[in-house]
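K.L.:
Below, each chain spelled out in residue letters.
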Amino acid sequence: MIQPSEIEAELLAFLRRDIFSPETNLTADTDLVAAGFDSMSLVKLLLHVETKYGRWIPESEITNEALASVHTLAATAAKVLNEK
Amino acid sequence: MNLTELLENSARRWPQKTAFVEDSSEISYAALAGKNNFFAEKLKSLRLPAGARVGLCFPNSVNYVALTYALWKINAIVVPVPTECPAEELSEIAATMELAAILSQKPSAQSEPLAPEIFVSRFKLAATPDNHGLNIAFIRFTSGTTNARKGVVLCHETVRARVAAANQAFQITEHDTVIWCLPMAHHFLITIVLYLNAGATVVLARHLTARPFLEAVNRWRGTVLYAAPFHFSLLARDNSGAQIDSVRLAVATTCALPQNVAEDFFRRFGQPLVPALGIIELGLVAINIDDPRGRWNSVGKPLADFRVKIISPDEHGVGEIAVAGPGICDAYAAPWQSRENLLRDGWFITGDLGKMDAEGFLFLLSRKTAVINLAGRKVFPEEIESVLNRHPSVAESRVFGRLHPQLGEVVEAEIVLSAENGGIENLSHFCREHLAAYKIPARFHVVPALPRTPATGKIRRAPAAA
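Protein chains in written order, with this note's numbering: chain A, 1 to 84; chain B, 1001 to 1466.
Bound-form chain A, shown alone (with noise of 0.2 angstroms):
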């Protein structure tokens, strides 16, 4: 069981090392695609969440609601990397 703030903060370190620009304050509520988030960087996250936890989130999960921010995202990721 892997916990949704554990994901959050791997997300959040993600987010601020390889996509964001060290300007950009990001923090688990920030607007992800007010904040330039685009598809080259939904790309790079599902990757980055397939190598660190070996599975693909289904882009049937790929919804706004789960794009609006990173504890979205975290909720999304845990609930698909928590399923048997």
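Some hints could be false.
With the Cβ distance kept under 7 angstroms, some of the chain B side facing chain A (calculated, not the full set) [what the hints assert, rightly or not]:
1) Leu1208
2) Thr1209
3) Leu1234
4) Arg1237
5) Asn1239
6) Ala1375
7) Val1410
8) Ser1428
9) His1429
10) Arg1432
11) Ala1437
12) Tyr1438
13) Ile1440
Some, not all, of what chain B presents toward chain A, calculated at C-beta under 7 angstroms [claimed, not checked]:
14) Ser1233
15) Ala1442
16) Arg1443
In short, the hints are calculated from the structure, not lab data. Think of the CB as a built atom: it goes at the ideal place given N, C-alpha and C, for glycine as much as any other residue.
Starting from the structure of chain A, add chain B where the hints point.
P.N.:
Just chain B now, kept in the frame of chain A:
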């Protein structure tokens, strides 16, 4: 001949027709031509010499398109620069390509405003670059076999020939509406220039998720989709039930189409994905319009005006693919290499391995040319290796594409650790300082040594690995 004339012709023929839909507002061909003229006047104030090379660093937008045609109108050469480039990469591109200026949407330390949301950074050049008397429209940089960049040089006439050849296959007309989501900095000539020449409407889709994308297809009655396997993978998994009945052609380009994406898409929408082969030096070479369901893994038959041959095939018919046809690039820019020098007896040797079946369908088996395509963005391994090799813990590295069931290809790297190995935990971060995010390898594999070619001792380029 100047490509701006193509846009002006379309504006005369279809003045009121919608050229672009951007953020739900429609821009007519007449308005686009007007914007083109306005930008050309602004650019004239920069007093750039004819044949000046100008970097264009913009996200997908009508401004991107109008500025491209405006640069052509003032006889400047367009060099697309991806917006994701960090500052170090930008200045390296500017130096190698001898750019006179970069136009960007965002201001930088040394930029000045040119028009609303358009900034210009100028560079002092010792001399105007030598264009060898060619009427150049476009230079797309790629990576060379050494770490140097080389630019693929395309003249106005060459682009026109490419567009004409490609449209024999696409058959785009003024009745088509293209739903567009690939980055223009990577895809422009046999797409946007072709669509505008044909009088089609282009809808700029900026959606990240499937549902609003499908809504855009249906709202604007899209007839053509042209995207990477990743985008089709997103659409195929949508569970809203929305259909895409208006679409007549869905082209999957940029890298090998994974079988599950092809099948899922057909199951979801009842339409096949059409694989195509584009090569930077050649334009669109082949497209599988004839049998996308039966031979989903074939890039199809070569276009009518192209000849394709397999050099020294083995017992399975597999050999290196060579191509002759219209629209072959005119030169490499840095260092300069003329078309005659990059062809062998009139043939361009692609470096890709493939075979052709009895009915003339071409199958691409591995791309020896090392360009990797990550969801529509081109990645050149040598460039990433040159950054990795600067890290103190890295003795040498090899970057390659790994086949991926949803994305087609992803970027990974093999690392040989150096004697003073201090760990590679910060390697991603190190890459980020020097490279655009999409170029950072998803995985680093530490290996004892890299495979080398026996004859020359060069690092062996790996085909996309499963």
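K.L.:
Give me the numbers of the hints this structure contradicts, sorted from smallest to largest.
P.N.:
none
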